[in-house]
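Keeping the supplied structure of chain A fixed, place chain B upon it in accordance with the hints.
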Amino acid sequence: MGEKVQLIIDGKRTDGRTPDEMRDIRIEAGILKEADGSSYIEWGGNKIICGVYGPRECIPRHGASPYHAIVKCRYMMSPFASLEEHGRSGPSRRSVELSKVIRETFENLILVEKFPNTQIDLFIDVLQANGGTRTASITAATVALVNAGIPMKDMVSAVAVGKADDTLVLDLNKAEDNQGQSDMPLAISHKDKKLLLVQMDGLLTKEEIAKMVDMADKGCEQLHEMQSAGLKGVYEQEGKKLEW
Amino acid sequence: MVIIMGEETKDIIMSTIRRDVMKGTLQSGVRFDGRAFDEYRKIEIQKSVIKTAEGSAVANIGNTKVLAAVKFDIMTPFPDRPGLGVFITNAEHLPTASSSFEPGPPREESIEMARVVDRAIRSAECIDLESFFIEKDKVLGLFIDLYVLDHTGNYTDTANIAATAALLDTKMPKLEDGAIIRGEYTGPLKVSSLPISTTMVKVDDYWLVDPSRDEELIQETVLTIGTTEKHVCSMQKGRGAVTKDELLNGIDIAFKSGNDIRKVLKG
Numbered sequence: 110m111g112e113k114v115q116l117i118i119d120g121k122r123t124d125g126r127t128p129d130e131m132r133d134i135r136i137e138a139g140i141l142k143e144a145d146g147s148s149y150i151e152w153g154g155n156k157i158i159c160g161v162y163g164p165r166e167c168i169p170r171h172g173a174s175p176y177h178a179i180v181k182c183r184y185m186m187s188p189f190a191s192l193e194e195h196g197r198s199g200p201s202r203r204s205v206e207l208s209k210v211i212r213e214t215f216e217n218l219i220l221v222e223k224f225p226n227t228q229i230d231l232f233i234d235v236l237q238a239n240g241g242t243r244t245a246s247i248t249a250a251t252v253a254l255v256n257a258g259i260p261m262k263d264m265v266s267a268v269a270v271g272k273a274d275d276t277l278v279l280d281l282n283k284a285e286d287n288q289g290q291s292d293m294p295l296a297i298s299h300k301d302k303k304l305l306l307v308q309m310d311g312l313l314t315k316e317e318i319a320k321m322v323d324m325a326d327k328g329c330e331q332l333h334e335m336q337s338a339g340l341k342g343v344y345e346q347e348g349k350k351l352e353w
Numbered sequence: 002m003v004i005i006m007g008e009e010t011k012d013i014i015m016s017t018i019r020r021d022v023m024k025g026t027l028q029s030g031v032r033f034d035g036r037a038f039d040e041y042r043k044i045e046i047q048k049s050v051i052k053t054a055e056g057s058a059v060a061n062i063g064n065t066k067v068l069a070a071v072k073f074d075i076m077t078p079f080p081d082r083p084g085l086g087v088f089i090t091n092a093e094h095l096p097t098a099s100s101s102f103e104p105g106p107p108r109e110e111s112i113e114m115a116r117v118v119d120r121a122i123r124s125a126e127c128i129d130l131e132s133f134f135i136e137k138d139k140v141l142g143l144f145i146d147l148y149v150l151d152h153t154g155n156y157t158d159t160a161n162i163a164a165t166a167a168l169l170d171t172k173m174p175k176l177e178d179g180a181i182i183r184g185e186y187t188g189p190l191k192v193s194s195l196p197i198s199t200t201m202v203k204v205d206d207y208w209l210v211d212p213s214r215d216e217e218l219i220q221e222t223v224l225t226i227g228t229t230e231k232h233v234c235s236m237q238k239g240r241g242a243v244t245k246d247e248l249l250n251g252i253d254i255a256f257k258s259g260n261d262i263r264k265v266l267k268g
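Same order as they appear, the protein sequences are chains A and B.
Counting from 110, one number per residue, gives the positions in the first sequence under the working numbering.
Counting from 2, one number per residue, gives the positions in the second sequence under the working numbering.
Here chain A stands alone, though its shape is the one from the complex (with noise of 0.2 Å):
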C-alpha cells in the first residue's frame, strides 16, 4: 500500500488521538433558507453541505411509482476539496458509487409509501474533505430530511472503523485512509442497530470485523447525540448564521 508511513505512535495516532477517540463534530441543522431541509456538518477537516427538496414531483415523470416515492441522492465532492490537485467538477466513478450506497441507507428509513408519485432529493456537497467523507455525509443528510419533516423509521449515524499499524481505528483520518490496511465505513440505525451502509476494503478477519462493528456502535452513541442537539439548535436560535 505505498510508501510506508508510521499511523500509530506510543498507542496515540497521527492528530493524537486515541484508537476509539472520534475527531471533533459540529452539526447544524436548517442552515439554508431555499431548501426544504438542510444540515451542514464539520468533521476533523470535512465541510459538508445538505439539502433536501421534497416530497415534489417526479422528473421525468416517468420514472415515478404509484406506490412509493422515489428516494434519489447526489454526493458531490467539489473541485477544491482536496489539498492536492484541482479535481474536476461533475460526477466521478467515485462520487456516482457513493450516491448510490447513499441512496440505498435512506431507502431503508424514509417512509416513502406515504408519497406516492413523487420524489425526494438529497443533495450532499462536500466542500472540503478530509477522510470520511460518505460517513460525514450519511450521518449529517439524517438531519436534514427530519429537518425537512420526512417521516423516517428511525434516525441513522455513520462512521468509518479501520486498521492502522495492526492497531483498529475508530473514525479514520485521511492518512489512516490512505496509508492504513484497512477500511470500513458502517451506517448503524439508532433504534434497531442495524447496518444500513457496509463497505469495506483491506484484509481482516472475521474477529476484527465483530470488534471493528462494535467500535462503530459506539460512536454512531456519540454521534445520534450530536444530530440530536443539531436538530434542537434550530428551534433555540431561529434566523442565525451560518459560522465558517
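Check the hints yourself; a few may be wrong.
[Claimed, not checked] Here are the simulated EDC-like cross-link-like pairs (lysine to aspartate or glutamate), alpha carbons at most 16 Å apart as the crow flies: (1) B:172 <-> B:129; (2) A:181 <-> B:109; (3) A:315 <-> B:81; (4) B:203 <-> B:39; (5) B:231 <-> A:316; (6) A:320 <-> B:247; (7) B:139 <-> B:74; (8) A:283 <-> B:81; (9) B:66 <-> B:81; (10) A:315 <-> B:45; (11) A:320 <-> A:129; (12) B:245 <-> A:301; (13) B:24 <-> B:221; (14) B:231 <-> B:126; (15) B:66 <-> B:45; (16) A:302 <-> A:330; (17) A:315 <-> B:246; (18) A:302 <-> B:247; (19) B:245 <-> A:129; (20) A:262 <-> A:301; (21) B:24 <-> B:206; (22) B:245 <-> A:316; (23) B:245 <-> A:323; (24) B:43 <-> B:261; (25) B:245 <-> A:326; (26) A:320 <-> B:246; (27) A:302 <-> B:185; (28) A:315 <-> B:253; (29) B:72 <-> B:146.
Derived by calculation from the structure, the hints in this document are not laboratory data.
On a predicted model such as this, the values are computed, not experimentally measured, just so you know.
The following block gives chain B in isolation, referenced to the frame of chain A:
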C-alpha cells in the same frame, strides 16, 4: 409489497403470483430452481479466449456469462504512488446481455460492479504493483475490462471469477527501451492469492447465495463479501439492511463458497 426503487423501477415487473410461489418454496427449504440456500449454480471457466489481450477468461455461473480481459499499457504513475504500477477495472453491461441494460455511458450498476471487483483484487494485494515499475514516471498499467454478456442473476460474482481467472491467464509483456513489444511475453503474471466474492440476498428470513435474476427482483437485502484464502478482502451492501450477526454469518458463508470456487479456479 416488495418495493423496487430508483434505477430498478424500469426493471421487469414480477407478477405477484410468481413472487408468492417463489417465497412459498423457500418455506419448504428449497429455492425456485431447486437449489439449496447455500448452493451456487454450475461454475465454468474458460481461459485464453481473447488472443489480442495479455490475459482473458469467460466465467459462467449458470447462464450468467462475463468476459474479463487484461491489457497492459505504459502509464504515468499516480502522483501519490510514484513507485507503483497502475491497476484499473472497468465494467460494461452490454445491452445484449439483458433487457434491463441500455446502451450509453456507464450507469451506476456498472460503476458499482467495477469498483467492487476492483476493491476485492486491490485489497487482496494479489498482484505485486511494485514489480510494474519501469523507470521514473513510467510504470505498467494493468487494465481489467469486464463485459457482462448474459445476465441471469449475480453478475458481480461471475465478474469477480472472470477477473481472477483472467489474471491467472495473464502473460507479462516483453519490454524494450521502456515500450511494450506486443505479442511477445516474458512469463506469467504472479498472482499471490485468489480474491473471490460471494453475493447473497435476503428474501423473507432466508439468505440465498448466488441469486438468480428472479431472486434478485424480490430481494430485500443484497450483500457481497470478498474473501481470500485467509482474510475478508471486501464488503459491499447494496439495498436493504443487515444485523451484525447476519454480517458475521455472511462472512462464514463467503469463506465456504469462496474456497469452493478457488478449487474450481485452480482446476
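Do the hints match the structure? See the list:
{"no.": "1", "hint": "B:172 <-> B:129", "result": "14 Å, holds"}
{"no.": "2", "hint": "A:181 <-> B:109", "result": "13 Å, holds"}
{"no.": "3", "hint": "A:315 <-> B:81", "result": "31 Å, violated"}
{"no.": "4", "hint": "B:203 <-> B:39", "result": "12 Å, holds"}
{"no.": "5", "hint": "B:231 <-> A:316", "result": "12 Å, holds"}
{"no.": "6", "hint": "A:320 <-> B:247", "result": "15 Å, holds"}
{"no.": "7", "hint": "B:139 <-> B:74", "result": "10 Å, holds"}
{"no.": "8", "hint": "A:283 <-> B:81", "result": "13 Å, holds"}
{"no.": "9", "hint": "B:66 <-> B:81", "result": "36 Å, violated"}
{"no.": "10", "hint": "A:315 <-> B:45", "result": "29 Å, violated"}
{"no.": "11", "hint": "A:320 <-> A:129", "result": "12 Å, holds"}
{"no.": "12", "hint": "B:245 <-> A:301", "result": "11 Å, holds"}
{"no.": "13", "hint": "B:24 <-> B:221", "result": "12 Å, holds"}
{"no.": "14", "hint": "B:231 <-> B:126", "result": "13 Å, holds"}
{"no.": "15", "hint": "B:66 <-> B:45", "result": "9 Å, holds"}
{"no.": "16", "hint": "A:302 <-> A:330", "result": "10 Å, holds"}
{"no.": "17", "hint": "A:315 <-> B:246", "result": "11 Å, holds"}
{"no.": "18", "hint": "A:302 <-> B:247", "result": "12 Å, holds"}
{"no.": "19", "hint": "B:245 <-> A:129", "result": "19 Å, violated"}
{"no.": "20", "hint": "A:262 <-> A:301", "result": "10 Å, holds"}
{"no.": "21", "hint": "B:24 <-> B:206", "result": "10 Å, holds"}
{"no.": "22", "hint": "B:245 <-> A:316", "result": "12 Å, holds"}
{"no.": "23", "hint": "B:245 <-> A:323", "result": "9 Å, holds"}
{"no.": "24", "hint": "B:43 <-> B:261", "result": "12 Å, holds"}
{"no.": "25", "hint": "B:245 <-> A:326", "result": "10 Å, holds"}
{"no.": "26", "hint": "A:320 <-> B:246", "result": "12 Å, holds"}
{"no.": "27", "hint": "A:302 <-> B:185", "result": "56 Å, violated"}
{"no.": "28", "hint": "A:315 <-> B:253", "result": "8 Å, holds"}
{"no.": "29", "hint": "B:72 <-> B:146", "result": "8 Å, holds"}
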